[in-house]
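J.: Once you've looked at the hints, dock chain D against the given chain A.
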Amino acid sequence: DIQMTQSPSSVSASVGDRVTMTCRASQGISSWLAWYQHKPGKAPKLLIYGASSLESGVPSRFSGSGSGTDFTLTISSLQPDDFATYYCQQANTFPLTFGQGTKVDIK
Amino acid sequence: EVQLVESGGGLVQPGGSLRLSCAVSGFTFRSYDMNWVRQAPRKGLEWIAYISTSGSPTYYADSVKGRFTISRDNAKNLMYLQMNSLGAEDTAVYYCARDGSGKYDFDYWGQGILVTVSS
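Chains as they are written, first to last, in our numbering: chain A, 58 to 164; chain D, 104 to 222.
Okay, chain A solo, but in the shape it has when bound:
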C-alpha cells in the first residue's frame, strides 16, 4: 500500500498569513493527488485534484503543486473560513490512502 505522510501535523497561523503544508507518498503517484478541507461535523470538501487543478468554486488562494512523491498545498492569504484540517489523498492506486491530516488553527 502507498503511505501518505503529511507535515506538519498542525500549524498555528493568523488571518492573512501564507500557509504551506506538504504531503509525501511512499512511492510515485504521478500527479494523482487530491487535497481536502474538513471541518468537524461537515462533509470533507475537495480543493485540489490532479495535484494542481483547482476544483470548481474553490477560492484561488488555494493552490497545489508537485508530482511523483512530493506535493504541496499553499493557502496564499489565510481567511477565517480556512481554519480546518487538511488531508491529502493518493488517487493513483487501490487501496486509496489519505495522509494523517494537517490541522490549521488560530494563532
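By construction, these hints were calculated from the structure, which means they are not laboratory data. Backbone N, C-alpha and C fix where the C-beta goes; we use that ideal spot for every residue, glycine too. Please note: incorrect hints may appear among the correct ones.
[Stated by the list, open to error] To give a feel for the contact side, a few chain A residues facing chain D, derived at Cβ under 8 Å: (1) Trp89; (2) Ala91; (3) Gln157.
[What the hints assert, rightly or not] Some chain D residues well away from chain A (every beta-carbon gap over 10 Å; in silico): (4) Gly113; (5) Leu114; (6) Val115; (7) Ser124; (8) Gly129; (9) Val140; (10) Arg170; (11) Asn187; (12) Ser222.
T.: Only chain D this time, still in chain A's reference frame:
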C-alpha cells in the same frame, strides 16, 4: 444540485450487521463510480470501498475486506454498504462520496452517518 444522503446507521452490538444506504440526486448516478470513506473518532479519513458504474469491479481496504460489501442499484439511485462481523474498530462516521475529475478522488460527499459498535 448534487446531493448524497446516507442512512441506516446507529448502534449495533459487536459481531452484528448493518446496511448503510446512500441516496443520490442531482446527477446521472449510473455514470459515476462511487466510494465509501469513514472517520473513526479522533482519527483521520479512511477510504474503505469503491464500486464502478456497472457494479464491477469493486475494491476494498484490507481493514474491511471479506466483511463489508459495496453494491449499487442504478435504477433507484442508491448505493449500499453491507457491514458484517462488526467490531469496535468499525465505530466511525461513514461517508458516501462520488468519484471526481481526477483518477480516483472524491468531488461530492454526503454529510455522513454515525455507526457505533458497542455492547
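J.: A separate judgement is required for each hint: does it hold in the structure or not?
T.: Verification of the supplied hints:
1. Trp89: With a closest approach of 5 Å, the A/Trp89 hint holds.
2. Ala91: Cβ of A/Ala91 sits 4 Å from chain D, so the hint holds.
3. Gln157: 5 Å, holds
4. Gly113: 18 Å, holds
5. Leu114: Per Cβ check, D/Leu114 is outside 10 Å of chain A; nearest 19 Å; holds.
6. Val115: 22 Å, holds
7. Ser124: 17 Å, holds
8. Gly129: D/Gly129 is indeed farther than 10 Å from all Cβ atoms of chain A, at 14 Å.
9. Val140: Check fails; 8 Å does not lie beyond 10 Å.
10. Arg170: Answer for D/Arg170: holds, closest chain A Cβ roughly 15 Å.
11. Asn187: 19 Å, holds
12. Ser222: Since the minimum Cβ distance to chain A is about 27 Å, D/Ser222 lies beyond 10 Å and the statement holds.
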